[in-house]
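Visitor: Protein chains in written order, with full-length UniProt numbering: chain A, 1 to 400; chain B, 1 to 400.
It is worth saying that the hints were derived from the structure and are not from the lab.
Warning: the hint list may mix true and false statements.
Unchecked claim - Here are the simulated EDC-like pairs of lysine to aspartate or glutamate, each with C-alpha atoms no more than 20 Å apart in a straight line:
#1 A:26 / B:76
#2 A:224 / A:88
#3 B:121 / A:11
#4 B:26 / A:99
#5 A:26 / B:23
Number of protein chains: 2
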Amino acid sequence: MKSTTPWHLAERAHAMNPSAIREILKVTERPGILNFAGGLPSPETFPVDAMRAACATVLAEGSAVARPSLQYASSEGLPELRAWIAAELAKQGATVSPDQVLITTGSQQGLDLIAKVLIDKGSRLLVESPTYLGALQAFTPMQPAVESIESDSGGVSASALREALQKGERPRFIYLLPNFQNPTGRTMDEARRQAVIAVCREHGLPIVEDNPYGELWFDQPPPKPLLARWPEGVVYLGSFSKILAPGLRLGYIVAPPALYPKLLQAKQAADLHTPGFNQRVVAEVIKDGFLDRHVPTIRARYHAQRDAILAALARELGPTGAEWTQPVGGMFVWVRLPDGLNAQALLPKAVDAGMAFVPGAPFYAGAPDVRTLRLSFVTSTPAQIDQGMAALGQVVRAAL
Amino acid sequence: MKSTTPWHLAERAHAMNPSAIREILKVTERPGILNFAGGLPSPETFPVDAMRAACATVLAEGSAVARPSLQYASSEGLPELRAWIAAELAKQGATVSPDQVLITTGSQQGLDLIAKVLIDKGSRLLVESPTYLGALQAFTPMQPAVESIESDSGGVSASALREALQKGERPRFIYLLPNFQNPTGRTMDEARRQAVIAVCREHGLPIVEDNPYGELWFDQPPPKPLLARWPEGVVYLGSFSKILAPGLRLGYIVAPPALYPKLLQAKQAADLHTPGFNQRVVAEVIKDGFLDRHVPTIRARYHAQRDAILAALARELGPTGAEWTQPVGGMFVWVRLPDGLNAQALLPKAVDAGMAFVPGAPFYAGAPDVRTLRLSFVTSTPAQIDQGMAALGQVVRAAL
């Protein structure tokens, strides 16, 4: 008798695991729950009218002998979109050519392509502590040895980074989210950026800079991107998910010439090209400065929600000894519960009390801080935020 | 001094190469050329009106608090689309659950996920001779040892396959395109399917069945898919690119339960999910039997073009000793030039004469037959086909 399954899995497939977050989120999918667990942008910010007009325009283009937006297209991406991205980065101080821009199927795909092109089995990689879980998932199939670098409220520590680089093999890269990081909401300030870039340049440590949230600042734009500071040593990832809509799956990589051709070949092998229809629709939506009018409305909305959650946290958790970040942009607050509490153990009680968060442990590549949790504040109204934080406060106080 | 580039490429990146076809197609991009070199479906078949209506419907759905088609979505894909695919396969004799369907960003992504989950460095893989170049590109980054199995006008030879399986390690899978294969246009008949399935079952050799063209039959549907004959041993790939439009990048994998969870994890890591907007638009277009009305119009169009190219080839190349396939569906004819000719060497002359084809050599994983070339007949009118084949005939005759 032959075995009932003839399939022999690749070694890397054994390293893949179901998302811990996905399993956790199942607990939170109770109807009527106040949900701070997700990582979703607010659907109120999706520009439905602009998209409807753009779809109609794009579908009226071309002719029966040539309809580029519905046909196979180039792997690099739509030229007008690549030019727009290069121009936007120039405004932020980064001088890049449109030829360095590769349109990806969401910025998650950018992480996958980078993993394929830069990671061998056992390659040393550095990440912040904690870091974006989706990046760890994208890197895992290529079987790297991921190492967490000590980080604080300003992001990765330059001195801890220098120390890590003084021993062991040279890491293939460090993965950083300088702006309103997922999961912590923290931002690298100007001094930290300079210090980290100096260490990376000194040690020849390339940087993967992930910037999905950078446009979502509240009072002032963040300091200029790492890409602007070391163009040949930084691969930069951007996304339209948080400023237009995630369901379009439209992101991009900006890569130095030393890397671009390999990322392009990996892209071609991965899905030939990003949906041309989506690219053309987005190009149509954003022309004529649409985002200059639209993004400020998102900032104002999220700003008010951030104010609401910080006030509610002060009220509800202030007296408990818990700590939390003070995000100046983005979607997340990171809470550290009082000593002795465990966020994962607390979650079922919070759900019983009517609210949900994500425990912080899965976001650590190294030893987790089990007292941490992530709150997304952008899909709840200020009233829901008050109610949700009151429920959290009650659960925390009861556990003390 | 540090090196000017700090990047250290993964070993697999060195194995990646620019697409040979892409380089060749540059030769053919002369304005006014009669182009038989592409692999594009006819834009005349793109259902623009149905898409316009579907986009408007989808963008009117939901509310400010929930717009699922524009939000992050499940990695498995849209439930209604998964159910539709399972129901369509049931009509072809394959009993699968919607839970076995994974929506992918084009079927090229299906190949990428399969490569990640099933190929270790050096893993033995079997392919037809010749085979789809895009599959070779998707497999290459995982560094397999690809082996060509002797094939004839009915596809892969069952006896050659048995022989290959009697020596060496068990291959991870064989990659097959049973219907109107790219590049040859050939189809595995009922007897061949039975013979190949028998060998695969006997040896526990899994099959990756790629079926992008199966709906494009001319006189009668092809024999039932391999998936229907060995459900636990076949991973099946399908696509909406040839029956709706490639620019949507919408394909799917149907996988046995032994494999599905790992493909899903790879999908999640690769791009989180296929664009939800595209999925919802396609689900809206195809509901109520749209494809039952639309696909016959594509078949009729391509049928007439197939008739035109076969008649023109008989007229122009018949006397030269060239041979060609007689496709009963799909988009391609495969030509074998007379002895002593080399298709790649002939291409610049053909372009000078006003027509372009793709030389066959890049489609071989093993030693190429340099006399072969591929002609796509679906983006030219019968009059253009007559003119293009006359030019080809003239060039071939001049080279004899």
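Visitor: It remains to establish, for every hint, whether it holds in the given structure.
Guide: Okay, the hints, checked on the actual structure:
1. Under the criterion of a C-alpha separation no larger than 20 Å, the hint pairing residue 26 (chain A) with residue 76 (chain B) is consistent with the structure, at around 15 Å.
2. Simply put, residue 224 (chain A) and residue 88 (chain A) have alpha-carbon atoms about 12 Å apart, close enough for the 20 Å limit, and the pair holds.
3. Restraint check: the Cα-Cα separation between residue 121 (chain B) and residue 11 (chain A) comes to about 10 Å, which is no more than 20 Å; the hinted pair holds.
4. Taking the CA atoms of residue 26 (chain B) and residue 99 (chain A), the gap is near 18 Å; set against the 20 Å cutoff, the hint holds.
5. Proposed proximity of residue 26 (chain A) and residue 23 (chain B) is contradicted: the alpha carbons are some 48 Å apart, above 20 Å.
Checked against the numbered hints above, the structure violates only hint 5.
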